[in-house]
Structure formats: structure tokens, C-alpha cells
Amino acid sequence: MAPTRREFLKIAGFSAVGLVIPVLPSRSLAQTGTPAAGGLSSPAAPGPLQALTAKRWAMTVEPKKCRPGCTDCITACHLEHNVPDFGNPKDDVHWIGLEKVAHVFPAEAHPRLSESITLLPVPVLCNHCENPPCVRVCPTQATFKRPDGIVMMDYHRCIGCRFCMAACPYGSRSMNYRDPRPFIRKINPAFPTRTKGVVEKCNFCEERLARGILPACVIACKDKALAFGDLEDPRSDVRLILDKGLSLRRRPELGTGPQVYYIL
Amino acid sequence: MLEKALKGSRGYGIWVAFLLLLVAIGFFFYLKQLDYGLGITGMSRDVSWGLYIAQFTFLVGIAASAVMLVLPYYLHDFKAFGKITILGEFLAVSAVTMCVTFVFVDLGRPDRAVNLILYPSPRSVLFWDVIVLNGYLLLNIITGWTVLESDKKGIPPPAWVKPLIYLSIPWAISIHTVTAFIYSGLPGRGFWLTAIMAPRFLASAFASGPALLILFCLILRRFGRFDAGEKAIQTLAKIVTYALATSIFFVLVEIFTAFYSQVPGHMQHLKYLFAGLEGHNTISHWMTVSALTALAALALLIIPRTRQKEPLLALACCGVFLSLWIEKGLGLVVTGFVPSPLERIADYTPTGPEIAITTGVWAMGLLLITIFYKIFVSVRNDE
Numbered sequence: 000m001a002p003t004r005r006e007f008l009k010i011a012g013f014s015a016v017g018l019v020i021p022v023l024p025s026r027s028l029a030q031t032g033t034p035a036a037g038g039l040s041s042p043a044a045p046g047p048l049q050a051l052t053a054k055r056w057a058m059t060v061e062p063k064k065c066r067p068g069c070t071d072c073i074t075a076c077h078l079e080h081n082v083p084d085f086g087n088p089k090d091d092v093h094w095i096g097l098e099k100v101a102h103v104f105p106a107e108a109h110p111r112l113s114e115s116i117t118l119l120p121v122p123v124l125c126n127h128c129e130n131p132p133c134v135r136v137c138p139t140q141a142t143f144k145r146p147d148g149i150v151m152m153d154y155h156r157c158i159g160c161r162f163c164m165a166a167c168p169y170g171s172r173s174m175n176y177r178d179p180r181p182f183i184r185k186i187n188p189a190f191p192t193r194t195k196g197v198v199e200k201c202n203f204c205e206e207r208l209a210r211g212i213l214p215a216c217v218i219a220c221k222d223k224a225l226a227f228g229d230l231e232d233p234r235s236d237v238r239l240i241l242d243k244g245l246s247l248r249r250r251p252e253l254g255t256g257p258q259v260y261y262i263l
Numbered sequence: 000m001l002e003k004a005l006k007g008s009r010g011y012g013i014w015v016a017f018l019l020l021l022v023a024i025g026f027f028f029y030l031k032q033l034d035y036g037l038g039i040t041g042m043s044r045d046v047s048w049g050l051y052i053a054q055f056t057f058l059v060g061i062a063a064s065a066v067m068l069v070l071p072y073y074l075h076d077f078k079a080f081g082k083i084t085i086l087g088e089f090l091a092v093s094a095v096t097m098c099v100t101f102v103f104v105d106l107g108r109p110d111r112a113v114n115l116i117l118y119p120s121p122r123s124v125l126f127w128d129v130i131v132l133n134g135y136l137l138l139n140i141i142t143g144w145t146v147l148e149s150d151k152k153g154i155p156p157p158a159w160v161k162p163l164i165y166l167s168i169p170w171a172i173s174i175h176t177v178t179a180f181i182y183s184g185l186p187g188r189g190f191w192l193t194a195i196m197a198p199r200f201l202a203s204a205f206a207s208g209p210a211l212l213i214l215f216c217l218i219l220r221r222f223g224r225f226d227a228g229e230k231a232i233q234t235l236a237k238i239v240t241y242a243l244a245t246s247i248f249f250v251l252v253e254i255f256t257a258f259y260s261q262v263p264g265h266m267q268h269l270k271y272l273f274a275g276l277e278g279h280n281t282i283s284h285w286m287t288v289s290a291l292t293a294l295a296a297l298a299l300l301i302i303p304r305t306r307q308k309e310p311l312l313a314l315a316c317c318g319v320f321l322s323l324w325i326e327k328g329l330g331l332v333v334t335g336f337v338p339s340p341l342e343r344i345a346d347y348t349p350t351g352p353e354i355a356i357t358t359g360v361w362a363m364g365l366l367l368i369t370i371f372y373k374i375f376v377s378v379r380n381d382e
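Chains R and C supply the protein sequences, listed in that same order.
Read in order, the letters of the first sequence correspond to residues 0 to 263 in numbering that gives the first Met the number 0.
Read in order, the letters of the second sequence correspond to residues 0 to 382 in numbering that gives the first Met the number 0.
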């Protein structure tokens, strides 16, 4: 997938800054703000792509743009991250799923909701909460929140107690009830596989962001139903989309502060 | 004193061998689970805790109930309990050992259990549960063993045990409170998100634990030549009665709040628990048994004439134990997950290996109780 012009400029901007201050840690780079505008005046820099950074990563989802039956985001994500396909609901592991509006937003559902809404496939994934209950309950800090808002998993520290699965109000986490490796369609050597007995979930493609590439699901979506960016940057894709109208978050009343926004 | 556990009657030997066999079967299936993963159980993505964690929760209650003997004896000098406080403490030791084992067999990566200590996380309730459970285990081993040893020598227990015994009283409350907080502090699980969870846990604990102790006292009288005394047993029976009534009351309070307020998120779990949802009604059948047994047991316990008849008291105690085991050891944990956050109604059925492992851990606990009580009776009878 070729990056859009905007993404390209952003990457170029980061690269330019990277050339000037190459030893600056990514955290302080984030604090200086997203230097996307810098890319307009400087040509594309040679060399490896600089990491994409943000003060607060967020995603917007516009299910109305989704083509019926399309599962490109799921396929891309699961190929990228070596997510196994066990083929049964009991052992099921997934990072993105497609659900009905009535199940994703039960508070908004009512019997007179138009079919154009009720039949929509709504992509659901980890919400990378501002105040994540899973992080609070983890007894080993195997799941933790980065300063840029990404809720991460340390697969080498997780003891498989599944307290995080009980704590997550979104059903975003999966347990490897069996050895996942024989059930991975095609192993991507660039990303680790998991062992049996650990919990996993969406990581907002932090490994791609570190290489300067947007998340796999966002790139894979031909209909541009998914957007990704810095919530603190008023010119980011996500902010431009949020500016357009009313957006929803899943179960906001729980105080978790989800960072995946739905436009319906 | 341990040597006293080694010799015993033929029946004692057969009982111990039977328990060892169950432990061995459980261990065999645990090795299978280690090899295959937790997928060998009935747990799934939607119902991610099952029989193991439910047993753990139920047994924390059994462990906490030792306080119902220790408190009247040491704080109110209620002499009738003097003979059996050690039984309560040893029951607590066995129950906590089972609790810790159940948490361990539930881990996906037991080889990393030490991470709990390497990366202490005070924001996690599980971290505190590990601390209070191990502390309680230690307190009861030390106090129970020291008091029994002094008994054997015919001298009063050393003065330094008293503060530890006093400490064990609030500590017993803490283990069940912290265990309740594992559930009641989770934002997305409406069934568990209730402030009455800890009081409910304590009420059911103070019914199921003393009920089990009464049964043990009756067994010891029949097979162990040890008489706990009529007064001790009848007082325990009254404790069970009040605690059971409180426990039932707390459940009814939950039901009222959910169904009078008519908030769907609160009603749906209770509907699943007591009536089933969309044809998924295995648990609700069990809960019907639990509810009916609890009411029948309560009737037997409230009426003085039936409470004072030992066979009926034994029957009532069996009922209390069964009813509360179904409620906490089956219903409470699974129902928290059904329906799931995405409103799926996933069925959970424990598998054969899962039941074998669970039975094995229970057998290990019963073996510990058997050994402790054998030593206790031998010391008391001066054998």
C-alpha cells in the first residue's frame, strides 16, 4: 500500500527532525509537538524512516465507509502480528473483530434503529484506554501504558492469570489457551509469535510506528474507514475527522477513556 | 508430633490411600494441562475464569471462617470453643493451601509465578490477595501448631502467640474482603460491581465454614474418639443459622436492586443465574438446587427442635455447604462473564481433566485436614 500524500509528508517531517536531532529520545520529540509542517519545506530525507511519535495516539472508525463483507483490516492485522486462527470460538484469539452496532453500543440501540445502522459491521479492537482497568489489575505489570497512550503487553512477563481479561470492559483481550504456532497461517518473522498461556491484544502497531509506518489495519483499509493519529495535534487525521461531527466511544460511562472513536 | 499421622487404624489407612490416589490422578491431568495448555479446560475467550478460580473463591471463605471459633474463645472467653479452636485453625491452613494451589493451577504460565514477587504491583488486588493469603496461612500454622504443642506438653501456650492470634482475627476478615475486591472493583462486569460483594462473601463464609466444622466434629466423634461437646456444636449451629440467614438476605437485596430498578445491565446476569438466557440454563438448574437447599437448611436450623437433633443438624450442614458451594464455587464466577461485554452468551462446561484436577486439589486439602486432625486427636487422647 502506498502511503497517502499526507502520511508521506508526515513521515518526511519526522525524518527531517530526525536528521537535525538524531539522538533525541522519542519522548522528548513527542513533547516538541508533531513537526508535520516541517516536511512541506524540506525534501524527503534519505536513510531509514524515523519513528512516528505522538502525545496521544488515537483511532477513528467510520463503519459507514466499510464495504459489506470486507475483512481486510482483520486479515492485515492478524498476518502482521502472527495471530493464530484456531477455527473455534472457545480457543479464539483475535485483535480486531467485526460486531453489530447493537452489541458495540448497547446503550444507543433501540428497535427502530434503521437497518442501514443495525447491519453495519463495526470493527472493534483494544481501546488503548486513558485509564485502563487491565493495567490497574495486572499483578506483574506485564501490561502497561506508554506515555503516548499505547497499552502494551510484555509477553515474556505475563503469567496468564487472565485478571486483565476479566477487567477489560470491551472483550478486547485473548488468551492463548493452546500453543498458537501451529495455527498461524503464515509466520511473519518480523514480529514475535506467542507461547501458550499468555494473553494478547492489539498494540496499535507500535512496532510499525517505531519504523515510521502507520498501523496495518489503517493502511489495509481501502475505504479509509480507519484513521490514526495524534489526538493532541489539531491537524492530525483523527482530529480533522472528529471535528466533523458527533463521535461515540464504547461505554464511556465506565471512566476508562477509550481512544478509539466511532463516527456513525 | 508429625509421627502421629503415620500410624492409625485400617480405615484411616484406606482413607489416606484413597485421597492419595485422587491427588495422583489430579496431578497426572495437571501434567497434561501443562503440556496442552489451559485449553484442556472448558474456559474460553468469553468465560476466562472457571472452576479453579471459583473453588479458590469458595475456599477463601472456608479459611476465613476459623475466626468464628477464635473470636468467641479468645475475645469473649467462650470456653466451649477451647477444645476446637485448633480444628478451625487447621481447617484454615488446609483451605488456604487449596486456595493457593487453585490459583497456581489456573495460571497459563506457572513457570513464571515468581513474577508476582519479582514485579510487585500494589495497584493490583491480586498482589494484595497473595500477601493476605500467605500471611494468613503463616499465622494459622504458627498459632495452631504452637498451641497444640503446648497442649501435648500440658503447659499453657507461650505468651507470644496471643498477639498473633489477635492479629489473625482482622486478618481473616481481610482475606475474604480482598478476594471480593478482585471482583467488585472491575468496571465492566455489572454482576460483580457491587459494594455488597465483600459483606456477602463474609456472610456465606461464616455459614459454610462453621457448617463444615460441625460435620468434622460429628465425624471425629464417630471415628476419632474426640467429642467437641454439645455446647460447642450447638453454638456453631447458631452461628451457621445467623450467617446463612444474612447470606440469603444479601442475595435478595441484590435481586431487589436489579429488578426494581429495571436496569438491564444489572438484571441480565441475575436472569442468567436464576432462569437462564436464551435457552442457556445449565447454571440456573444448579442455582435452583442451591436456592431450595439453602431455604430447606435454613428451616431446619431456625427451628430449635430440628437444630438440636444431631442427624437433622448434620443434614442441614450438608445442605448449607452444598448450597453455598454451588453459589460461590460454580455460579458467582461464571455468571460475571455471561453475557460477555459484546453480549455473547457463551456456555461454560468444565471438562473431565478440569474436574479431575479440581478433585485432586480438594483431595490434597482433605488429606491435609485428615493428617492435622489425626495429630490433634492423638495429642488430645494422649496416644
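There's no promise every hint is true.
Restricting the straight-line Cα-Cα distance to at most 30 angstroms, the calculated cross-link-like pairs of lysine-lysine (DSS-like) are [as the list claims (entries may be wrong)]:
| # | chain 1 | residue 1 | chain 2 | residue 2 |
| --- | --- | --- | --- | --- |
| 1 | R | Lys185 | R | Lys64 |
| 2 | C | Lys31 | R | Lys185 |
| 3 | C | Lys161 | C | Lys230 |
| 4 | C | Lys3 | C | Lys237 |
| 5 | C | Lys31 | R | Lys195 |
| 6 | R | Lys195 | R | Lys185 |
| 7 | R | Lys99 | C | Lys270 |
| 8 | C | Lys31 | C | Lys82 |
| 9 | R | Lys89 | C | Lys308 |
| 10 | C | Lys152 | C | Lys237 |
| 11 | C | Lys161 | C | Lys82 |
| 12 | R | Lys54 | R | Lys185 |
| 13 | R | Lys64 | R | Lys54 |
| 14 | R | Lys89 | C | Lys31 |
| 15 | R | Lys185 | R | Lys243 |
In case anyone wonders, no lab produced these hints; they're calculated from the structure.
Bear in mind the structure is a predicted one, so any value in this text is a computation, not a measurement.
Now for the hints, and whether the structure bears them out:
1. R:Lys185 to R:Lys64: With a Cα-Cα distance of about 29 angstroms, the restraint between R:Lys185 and R:Lys64 holds, given a limit of 30 angstroms.
2. C:Lys31 to R:Lys185: Satisfied, since the Cα-Cα distance of roughly 28 angstroms is no more than 30 angstroms.
3. C:Lys161 to C:Lys230: Within the cut-off at roughly 24 angstroms; holds.
4. C:Lys3 to C:Lys237: Outside the cut-off at roughly 33 angstroms; violated.
5. C:Lys31 to R:Lys195: OK: C:Lys31 and R:Lys195 at ~13 angstroms, within 30 angstroms.
6. R:Lys195 to R:Lys185: 18 angstroms, holds
7. R:Lys99 to C:Lys270: Within the cut-off at roughly 23 angstroms; holds.
8. C:Lys31 to C:Lys82: 43 angstroms, violated
9. R:Lys89 to C:Lys308: 49 angstroms, violated
10. C:Lys152 to C:Lys237: Roughly 33 angstroms separates the two Cα atoms, so the pair is violated.
11. C:Lys161 to C:Lys82: OK: C:Lys161 and C:Lys82 at ~16 angstroms, within 30 angstroms.
12. R:Lys54 to R:Lys185: 34 angstroms, violated
13. R:Lys64 to R:Lys54: Holds. R:Lys64 to R:Lys54 sits at ~28 angstroms (cutoff 30 angstroms).
14. R:Lys89 to C:Lys31: OK: R:Lys89 and C:Lys31 at ~19 angstroms, within 30 angstroms.
15. R:Lys185 to R:Lys243: 40 angstroms, violated
Going through the hint list in order, the structure does not satisfy hints 4, 8, 9, 10, 12 and 15.
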